[in-house]
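> Given chain B, put chain W in place with the hints provided.
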Amino acid sequence: MEQYTRAELLMSVDPIWSICERSMYAFEKCKIEKGDDPEVCLRYAIAVSGCTQKIMQELTKECKQELDKAVHCLEENNMRSVKCDKERVDLSQCFKLKSFEKFQ
Amino acid sequence: MTINYKQKWVQDLPPPGGFPALEYGRQTPKMISGYKLFGATFLIMGVGTYIYLRGRIQDLQDDDVERVRLSKILPIVQAENDIMFLGAAHKNVYLTRWMPPIVNNNGLYRFIPREYGAQKETTHHH
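Chains B and W are the protein sequences, given in the same order.
Numbering-wise, the first sequence is residues 26 to 129 according to this note's numbering.
Numbering-wise, the second sequence is residues 1042 to 1167 according to this note's numbering.
If we strip away everything but chain B, and leave its shape as in the complex, we get:
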């Protein structure tokens, strides 16, 4: 499992949530209902993690340039994603055009 930085995840929030929204909600529901024990919600955690990994691999493969630009902008702006809306929209657009169909 590859670990992605906070900047990468923060900039690809929209692509990830456009695909993995249901698994995210299921995971958080489990966490709220059954407590913070990592073993109880492991199935949901694996689902969330696997889905995120797939999207991030796709992004690093297809939209490498946009992702790098967005991460650079975020790191230059003190990790404030509000200042980098243009780069974030570009990344989402790239994902939408190139990879969104594959995950349907």
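Derived from the structure by calculation, the hints contain no laboratory data.
Just so you know, nobody snuck in bad clues.
Not everything, but these chain W residues come out facing chain B in the computed CB check (under 8 Å): (1) Arg1110; (2) Ala1120; (3) Glu1121; (4) Ile1124; (5) Leu1127.
As the structure is a prediction and not an experimental result, all values here were calculated from the model.
Positions of the beta carbon are idealized from the N, C-alpha and C atoms, including for glycine.
Chain W only, in chain B's frame:
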């Protein structure tokens, strides 16, 4: 040098109506009204306050947007942390012979809230 003696000689005289009255009193510059100064002060302060508050409101709205985005990556980080925790060698250190130091609960220590570490209890899942 020739002088034309036929020309009419005119003596210097005061202008018709006489000279204007001499201002021999004390001369002070024209003062701005105090009410105007008061108004200008509050106008400037109002403009500054407006600019400050506008920026502050914008910052707070940006913070809200930022918090929403961070909350969206929370399940990802949480899931990853759970998996890494279960994959790591985690064991209960309190099964060994080491004992935590005893805190004196009779003194003023009990007034220190728990989150400051005075009466720290550690819980482990395993």
